[in-house]
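S.K.: Sequence:
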Amino acid sequence: MNTTIIDKLTDEIIAGKRIRRGDDLSLFIQAPLPVLQMGARRLQDYFCGRHIDLCTIVNGRSGRCGEDCKYCAQAAKHKTGIDEYGFMPREEILKHAKANQDAGANRFSIVTSGRALSGKEFNEALAAYDEMRRTLTIDLCASHGILTREQFKQLRAVGVTSYHHNIETSRRFFPQICTTHTYDDRIRTIKIAQEEGFCVCSGGIIGMGETWEDRLDMAISLAELNIQSIPINALMPIKGTALQHLKQLDGDDILRTIAFFRFINPTANIRLAAGRKLLPQNGATAFRAGASASITGNMLTTSGTTIKEDMELLAQLNLSNKDND
Numbered sequence: 006m007n008t009t010i011i012d013k014l015t016d017e018i019i020a021g022k023r024i025r026r027g028d029d030l031s032l033f034i035q036a037p038l039p040v041l042q043m044g045a046r047r048l049q050d051y052f053c054g055r056h057i058d059l060c061t062i063v064n065g066r067s068g069r070c071g072e073d074c075k076y077c078a079q080a081a082k083h084k085t086g087i088d089e090y091g092f093m094p095r096e097e098i099l100k101h102a103k104a105n106q107d108a109g110a111n112r113f114s115i116v117t118s119g120r121a122l123s124g125k126e127f128n129e130a131l132a133a134y135d136e137m138r139r140t141l142t143i144d145l146c147a148s149h150g151i152l153t154r155e156q157f158k159q160l161r162a163v164g165v166t167s168y169h170h171n172i173e174t175s176r177r178f179f180p181q182i183c184t185t186h187t188y189d190d191r192i193r194t195i196k197i198a199q200e201e202g203f204c205v206c207s208g209g210i211i212g213m214g215e216t217w218e219d220r221l222d223m224a225i226s227l228a229e230l231n232i233q234s235i236p237i238n239a240l241m242p243i244k245g246t247a248l249q250h251l252k253q254l255d256g257d258d259i260l261r262t263i264a265f266f267r268f269i270n271p272t273a274n275i276r277l278a279a280g281r282k283l284l285p286q287n288g289a290t291a292f293r294a295g296a297s298a299s300i301t302g303n304m305l306t307t308s309g310t311t312i313k314e315d316m317e318l319l320a321q322l323n324l325s326n327k328d329n330d
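Throughout the sequence shown, residue numbering follows the working numbering, covering 6 to 330 in sequence.
Please keep in mind that the hints were generated in silico from the structure rather than gathered at the bench. By construction, the Cβ of each residue, glycine as well, lies at the ideal position given by its N, Cα and C atoms. Take the hints with a grain of salt, since some may be wrong.
[Said to hold, decoys possible] Listed below are the simulated DSS-like cross-link pairs for lysine-lysine, each with C-alpha atoms no more than 25 Å apart in a straight line: (1) Lys84 / Lys252; (2) Lys244 / Lys75; (3) Lys82 / Lys252; (4) Lys100 / Lys313; (5) Lys84 / Lys244.
[Unchecked claim] Pair by pair, the computed Cβ-Cβ distance ranges are: (6) Thr166 / Glu314: 23 to 29 Å; (7) Gly91 / Asp16: 50 to 56 Å; (8) Thr185 / Gln233: 24 to 30 Å.
Between the sequences and the hints, there should be enough to build the whole structure, so can you do that?
M.R.: Shown next, in the form of structure tokens:
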């Protein structure tokens, strides 16, 4: 494919054009990857500059989840041998948050297993967020499943500004991945969080058996929701889960996905997440071809990259997670 087509589309997006559902998206699959990456880099430079957002998470409640998401090591129906525990003690959460803040991360999130955090454990989470707000400066994010409007109001009151809730895949493919809740349950939760003033972080997982069209559809759906933080996870098949038999994605497939997500969501932070180790140079190529953010530090059930390693990598690439650099 002639680079002129991608160059022209890149210019149009910088000038204000946005890709919509129903547009011909075949060029994102047919274009040579280097050509697509050049356009993604131009868009990233224009809309994000040199800034790379680094967020960190702690697994605040692990395992025993009653949902049946096929990819998840924490689903009770899967026998994966992970650690299982109730809500983490507040002092341990604060220790993790302060360590991540001191290491230079931009934001910190408590992530909990299960359909929703509720009751005593939700109150414990509120207390932890409130203490972090009062004693730390790191931005606070939360990921506690399908919450009520009242719960979102309570989270806002204690200083949480971002909420993470993936749509995971396309509407078409979602029933192949989960049957205990619906795609619309997730969309409804995202919209309530936005209405209550949260910046919503929402993306999904690629490599679960979906098509390229499903990935493109997910990118369009996130644009329609005006999501400004989009984590892209590459499936790391975990023994004991329903998807343990799938092969890991090729790095170029992940890079292509990142690049066209930048075209379809030009102003968003496209965030590297699980599966980053499958990328060339641990994501260095991606940071110059569409990815403007990453989850860093200890991951949930798959190994990640330390904050120190990421800070060194960004410096080598003449990038920074500091607003004034």
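S.K.: Each hint needs a verdict: does it hold in this structure or not?
M.R.: Cross-check of the supplied hints:
no.: 1; hint: Lys84 / Lys252; result: holds, 19 Å
no.: 2; hint: Lys244 / Lys75; result: holds, 12 Å
no.: 3; hint: Lys82 / Lys252; result: holds, 22 Å
no.: 4; hint: Lys100 / Lys313; result: holds, 17 Å
no.: 5; hint: Lys84 / Lys244; result: holds, 8 Å
no.: 6; hint: Thr166 / Glu314: 23 to 29 Å; result: holds, 26 Å
no.: 7; hint: Gly91 / Asp16: 50 to 56 Å; result: holds, 53 Å
no.: 8; hint: Thr185 / Gln233: 24 to 30 Å; result: holds, 28 Å
Violated hints are absent here; each numbered hint is respected by the structure.
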